[in-house]
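Peer 1: Sequence:
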Amino acid sequence: MRAAIVGVGGVGGYYGGRLALRYAGSPEHRIIFIARGAHLKAIQNGGLRLMTVEGDFTAVPALATDSPGDAGPFDLVLFCVKSYGLEEAARRISGNIHDGTVIVPLLNGVNMAERLRAVLPTGIVLGGCVYISTRIEGPGAVRQVGGSCQLIFGPEPGTDAAPFRPVERFLKDAGIPAELVSDIRIPLWTKYIFIDPMAGLTAMLGKAFGEILEDGERKKMLGALMREVAEVAKAQGVALPEDIVPATIAKAGAFPKETKTSFQLDFEKGNPVELDIFTGYMTAIGKKLGIPVPQHEKVHAALLDKSR
1 MRAAIVGVGG VGGYYGGRLA LRYAGSPEHR IIFIARGAHL KAIQNGGLRL
51 MTVEGDFTAV PALATDSPGD AGPFDLVLFC VKSYGLEEAA RRISGNIHDG
101 TVIVPLLNGV NMAERLRAVL PTGIVLGGCV YISTRIEGPG AVRQVGGSCQ
151 LIFGPEPGTD AAPFRPVERF LKDAGIPAEL VSDIRIPLWT KYIFIDPMAG
201 LTAMLGKAFG EILEDGERKK MLGALMREVA EVAKAQGVAL PEDIVPATIA
251 KAGAFPKETK TSFQLDFEKG NPVELDIFTG YMTAIGKKLG IPVPQHEKVH
301 AALLDKSR
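Mapping of the sequence shown onto the numbering used here: residues 1 to 308, in sequence order.
Note that these hints are calculated values from the structure, not bench results.
Hints should not be assumed to be uniformly reliable.
[Unchecked claim] Keeping only pairs whose Cα atoms sit at most 30 Å apart, straight-line, the calculated BS3-like set for lysine-lysine is:
id, residue 1, residue 2
1, Lys-257, Lys-269
2, Lys-219, Lys-191
3, Lys-287, Lys-219
4, Lys-220, Lys-172
5, Lys-82, Lys-207
6, Lys-298, Lys-251
7, Lys-191, Lys-269
8, Lys-207, Lys-220
9, Lys-298, Lys-191
10, Lys-219, Lys-251
11, Lys-298, Lys-260
12, Lys-306, Lys-269
13, Lys-82, Lys-41
14, Lys-82, Lys-298
15, Lys-287, Lys-234
16, Lys-257, Lys-287
17, Lys-207, Lys-257
18, Lys-219, Lys-82
19, Lys-172, Lys-219
20, Lys-287, Lys-220
21, Lys-220, Lys-191
22, Lys-172, Lys-257
23, Lys-257, Lys-191
Construct the complete structure from the given sequences, taking the supplied hints into account.
Peer 2: In structure tokens, the structure reads:
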């Protein structure tokens, strides 16, 4: 299998590193990194240094390049770029995609597969999500901070998941806790109902988890944001559990009080932010479906103002 990791940042570095370590020198499998800049140069010169909770290692892919045209056809593509670079990244590798290429976006949004299908004329686009906390430590170095490292992927209802078992085995054999599901919408929206409201509210208020959950009004607004996500999911045929909102708030409470979302940290550092997959998506889809999302509109307007 020829597997490409597009975007070798925190997420792509971890999963790509695991694959490159496992399949180094394999006559059957080739792992290809699509990266750029100083990070790419460091990987080309000395491999990718991956620091995990289980130990540190250096992984050397079969190829690391910023020129996909030199890489040949891909059988599997893991997209690990930021959402605002998704379409451009997809267009750059469109020539590497064949009819049987399996494509899995590992971004935080719920409509990533839809966006990829609009750009890529061929290939089989599935949905995917991960539970991991990682960051780039410096050129050629990625650190895993925490998380279960679980990678969940699969089609939407109506498509047989069985043909993708070899991909699941390929990932598992590299030590990745991968799970193929028959309806990817459930895990996607289960994660989204947590990350979207927490990202928006922490960034808007400049507050960590504990400062939100221990304040009555802030916690009330958090619950309202989550209920809006649940209503939008329901309108699109996604049946989340009845207790999803209190369960998700309880999940947030299990984090250290000082926890900040990566979205919030990007705001604080003045980095580009993924408004398009969080409040931007929710305000747009709410309007499209005729579902009121006033709390998301409020947060989105505030974040737009802060990002100017």
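Peer 1: Which of the listed hints are broken here?
Peer 2: 4, 16, 19, 22
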